[in-house]
Amino acid sequence: MGDKSTPLLAVLQLLRKYDLKGTEEILRKEANLGDAEYENLDLPEVELASILTAHHTESDPYSYEFAYDSLKKFVENSLDIYKYELSTFLYPVFVHMYLILILYDHNEHAKKFMEKFGPEQEDYYQEDLKRLAVVENKDQIKGNELAEVYNTNKFQVQLSRDASTQLKRYLHEQKSSPVIINIINNHIQIDIHDGPGRTQAQVKATVGGLLGEASRNDNRSKVFYGLLKEPDIQVLPAPIEDEDEADETPDKPKKKKAKKDNIFMKKPKSDPNAPPNDRIPLPELKETDKIEKGKALREASKRVQLGPDSLPSICFYTLLNSGQTAVCADICDDSTLLAVGFNNSSIKVWTLTTVRLRGMKSAEKLQDIDREAGDVLVRMMEEKDRDTCRTLFGHSGPVYKVAFDPFKTMLLSCSEDSTVRLWSLQCWTCLVVYRGHVWPVWDVRWSPYGYYFASGGHDHTARLWATDHHQPLRIFAGHHSDVDCIQFHPNSNYIATGSSDRTVRLWDCLTGTQVRIMTGHKSTPFALAFSACGRWLASGAGNGEIVVWDMSTGLPTATLPPMHSAPVHALAFSRDGTILSSGALDSTIKLWDFSLISDESSSEESGMTNVTQKEEKFLLRSFATKNSPIKNLHFTRRNLLLAVGSYEGSS
Amino acid sequence: MAEKDKSKVSTQMKHIPKDAQVIMSIMKEVGIAEYEPRVVNQLLEFTYRYVTSVLDDARVFANHAKKKTIDLDDVRLAVQMQLDKSFTSPPPREVLLELARVKNVNPLPLIKPHCGLRLPPDRYCLSACNYRLKPATKKVVVKSSIPTTPTIKTVTTSKPGGPQNVVVKRPPGAIVNVTSKPSVVPKPVLKFTSSSKVVAKPAVRVTAGPSSQGPIKMEVDEVSQKRKREDDDYDM
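Chains as they are written, first to last, in the UniProt record's numbering: chain A, 1 to 651; chain B, 1 to 236.
Simulated from the structure, these hints should not be mistaken for lab results.
The beta carbon of each residue, even a glycine, is placed where N, CA and C say it ideally should be.
There may be inaccurate statements among the hints.
Said to hold, decoys possible - Taking beta-carbon pairs under 10 Å as the criterion, some of the chain B residues facing chain A (in silico):
1) R93
2) R101
3) I111
4) Y124
5) P135
Stated by the list, open to error - In the SDA-like style, the derived pairs of lysine to any residue whose C-alpha atoms are separated by at most 20 Å in a straight line are:
6) K286(A) - P109(B)
7) K116(A) - G31(B)
8) K72(A) - Q156(A)
9) K408(A) - C115(B)
10) K302(A) - C332(A)
11) K111(A) - G31(B)
12) K28(B) - L129(A)
Please take these sequences and the hints and turn them into a complete structure.
Below, the structure is given as structure tokens:
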């Protein structure tokens, strides 16, 4: 844009005029002007003055309003195919104009500018604008987080080639708006893609991130979204049979009927999208774990097939007298334990079956037991010390998330006191305190294979830990705001995080790099759930919308219509991946037909045809509770849906 | 009905002190519409506390600079210190990215097989036994006898005639032992052997107290579970 060298030459001449030889040399070296132009520096005074004042027009406040207004008119008058893409341009230009006005001390003008054009911006930007409007003079820019983010990072805008040429033509014609051109150069990143201009629906699907839309380059790397090849656990209908005949391929015993074989019919051929089993080191199964897994598979064989015409039954656990105190809840994988974290920093674990929670025997008694006995795990526990509920103390701040490990031996909890604690479910004491986050930790999750866990907090990072390392193994940095929710991919190789910058990112555990960035949420995502096959990720946000992302491309497959009127805090897929359930703070649970959603994506090629018709078919049923916001949803191994919420009473 | 509420509110507003009104207008500006009335009081308290502590610090800085009155720079510095102490914000993105880059270079560690519970080394766990210090109730009598004063042998030699002089003579070569043997508190040495299963003996940790006070009694809480110790040996 323009001739960069001329202003620099003008400055050089000015320096020579004031006899600042040293500065002149340095400027010459840095700007690579070379000696050739040394002699030609003889700009007439008038031109010199005009060049220098051109930089000054940047600080002419009236030009900003005029420039923005004319840009707005240009966008509105452009053809429909370009209009929607170009309209994504208005917000970053507005924000940066405001910041520049403040920077040049035109505070009243800036205020008027904000008042005039602020409310016209999109709804999802209004919150950000409120935070930005607090900045009223130059000194306050430094303290304001949002202003800093805008100043240091470029806003991403995606334009089709035709739309960008239109824009360039407009900017060339408007000679009087060097401000916009400067803003584009310094603060906006335009990503040009070949193809037709996008429709309003398409634009709406991906717009909304704090720093604009995700660029295509960010989503190019290969993501192994397939499931790992399961180690074969010989599951026999009757446990008496010999469990030693383990084959390499998951062979089903011939006694089983054909119908129940669906889950055992895992594809013997390798999935090209699945990562190799040893891509990241995973713990091998211990004897006890193998028993657990065997149990799991046995139960899975008895599970109910769900579908649009056979909806799951829902069992709701209501926590009473805890509306103001219970923060989070989790149910273990085999659905026998319920843990609830409270804002008085305690955690309670209840048993959901008749089996009581037993503590471990004291050390002296443990000496006497026979270690070789078959039921040593039962003998280890103290008969007299049994209870239906156990309380765990240790945190010094509200507990924001609790998570059971896949093998029901340990519990993780994260809290506002910036620690993550590991508790033993056999001794009922805290084992380890993981310190690393210096600010509140908002979410903690176990890997599906145990051993690894991930946490995300206020310090804009997510971390990957292993239970036997006191420091994190990986730090996932890149979000522009707090990491609010985190989830492991079923193959444990990737971690998805949702943040207050309204993006959902996918990180690779092996390298710690970001492999996908997905924008499109108009509000902070609070809940994440991977589908059973691993290809899709559903995320629920603060305004009640749920978006389903395709991991292979990073694009939204479907935006479920915002049926919830309050933030969605719980999402769960059924065990066979056909039903998606969502629970929100508006005290309702909704069931969505996920097979229809995923079919849509695989059969459709581009664009969204007949979206509204299909959208109505996505929602299967909606269940309302009296007044209990949903805290957690969990599908049992037999596809019964369990929900946990605390009764808020009439308030 | 709404008008009645509105007039009620406006009359109530007149009874609210000016400071509280300021807080309420701040909240309105930031966009908070619903809040409990006690929030205003809490914010007021916080404001007073913050402002007084900033001004106190500013006064200290002004005194240090030998100035008579507080200056704008003093207040600025005081605010900065307060900000660094209590209102820290997460590090900037570049710092985090750099940190992540350094950390993520290391490959994921291999997992040791057959480990039982996989926990970090003992000093990072909370699996040590609990103990409590309790002062001893009576003074311990020193066991060994201590010769406190050197013995003086009086030797009188009689001299023929003349006045009798008593000469006190220390036998040459007598070694006077004045050392007091301090009471020796037995120091038990405890070693934990790693066992193949999860059981270990309950640990008793005894610290030797300073000898003048005598031994300090230790009460040990029975620990319920100990895991195999791979790394640490306790040696006192």
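Quick rundown of the hints versus the structure:
no. : hint              : verdict
1   : R93               : 7 Å, holds
2   : R101              : 8 Å, holds
3   : I111              : 5 Å, holds
4   : Y124              : 4 Å, holds
5   : P135              : 27 Å, violated
6   : K286(A) - P109(B) : 19 Å, holds
7   : K116(A) - G31(B)  : 18 Å, holds
8   : K72(A) - Q156(A)  : 19 Å, holds
9   : K408(A) - C115(B) : 17 Å, holds
10  : K302(A) - C332(A) : 19 Å, holds
11  : K111(A) - G31(B)  : 17 Å, holds
12  : K28(B) - L129(A)  : 15 Å, holds
Violated hint: 5 only; the structure is consistent with all others.
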